[in-house]
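Input sequences plus hints: build the corresponding full structure.
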Amino acid sequence: MQDPQPVTILPIPFDWGASKRGADSGAAAILQSGLTNKLQLLGREYEIRSTGYLPPPASDRRTLDRMKHWGRVLAMSEAVARETAIISGQHTFPLALGGDHSIAIGTIAGITQHKQRLGVIWIDAHADLNTPATSPSGNIHGMALAAGLGLGDTRFTSLNGKQPKLQPQRVVLVGVRELDEGEKQIIREQHITCFTMHDIDRLGMSRVMEEAIGIASHESDGVHVSFDIDSVDPREAPGTGTPVRGGLNYREAHLAMEMLYNARTVTSADFVEVNPLLDNSHLTAKLSVELIASLLGEQIL
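Take the sequence shown: its position 295, counted from the start at 1, is 295 in my numbering, and no numbers get skipped.
Please keep in mind that the hints were generated in silico from the structure rather than gathered at the bench.
Heads up, some of the hints might be wrong.
Ranges of calculated distance between the beta carbons of each label pair, as one might list FRET restraints [stated by the list, open to error]:
#1 245 / 188: 20 to 28 Å
#2 250 / 218: 26 to 34 Å
#3 189 / 56: 22 to 30 Å
#4 5 / 283: 25 to 33 Å
#5 181 / 207: 38 to 46 Å
#6 50 / 301: 35 to 43 Å
#7 300 / 91: 28 to 36 Å
#8 204 / 297: 21 to 29 Å
#9 207 / 300: 18 to 26 Å
Here a beta-carbon is modelled for each residue, glycine too, at the ideal position from N, C-alpha and C.
In structure tokens, the structure reads:
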């Protein structure tokens, strides 16, 4: 049997894409909750990158009502894209730990420098498909997937010099239950596959993930999983800034990760929006560790 692929952990302590502070401590909370012990038990070699690649968050204070703190988010995204591109070129498994979901602007830009037909499975209570023109809040973490699809402000869509970076036919949303009107329109216009919680209730998590994996993997050169912890019901994962009732339960979330591992098509991942300031006894950070372990091969038997 082939040795498990080494993992390169990229902590991204950043929360200026969101409205609530605290997600910048999410990566540290996940690491402190036993992630490296899990990787050792799974026989995974790992490296934790220093956060020294990131610019100081106060280095660029440019902001707009419709694109809040865009200077800080852009500086972070450029740095994350450069670092993720380096990691992807080293043939290890890039595991980015947020941080709010705006970090995915940079990770996707970096990964697609090496993978031109990247599939994406975006597991989230929200679609993150807003643009500055459609966003009710102006928070850029709600624009991250749109940027990868070439929608929105060109400063974000043109990272790595390629626009768009993703093809909508290989993008799948899972667990969505709160959409803005502009996002609904983009999903329809771009023909993006979107499995809402209604679909999961009706079809079951197993069938949804089978279809999601098939769509994202079709003629792809890898699949990126972007997992927002608010996809899980807040009773299971209270430590997040934008909780929405009626999310994935504990076993549904684990089944999704287990099926992704068994599919052998996942080549990178983000885990985002863990906010220790809002957590209860580190419950959300510990759950994130468990879910990452399932994605990387931990099984019941």
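To see whether the hints hold, each was checked on the structure:
1. Between residue 245 and residue 188 the CB atoms are about 25 Å apart, so this pair conforms to the stated range of 20 to 28 Å.
2. Checked against the hint of 26 to 34 Å, the C-beta distance between residue 250 and residue 218 comes to roughly 30 Å, which is consistent with it.
3. Range check, residue 189 to residue 56: Cβ separation about 39 Å, and the 22 to 30 Å hint is violated.
4. For the pair residue 5 and residue 283, the beta carbons lie near 29 Å from each other, so the given range of 25 to 33 Å is met.
5. Judged by the Cβ atoms, the range 38 to 46 Å given for residue 181 and residue 207 is violated: they are separated by roughly 28 Å.
6. At about 38 Å, the beta-carbon gap between residue 50 and residue 301 stays in the expected band of 35 to 43 Å.
7. For residue 300 paired with residue 91, a C-beta distance near 30 Å keeps the hint of 28 to 36 Å intact.
8. About 23 Å separates the C-beta atoms of residue 204 and residue 297, a value consistent with the hinted range of 21 to 29 Å.
9. Between residue 207 and residue 300 the C-beta distance comes to about 20 Å, which sits within the given range of 18 to 26 Å.
Checked against the numbered hints listed earlier, the structure breaks hints 3, 5; every other hint is satisfied.
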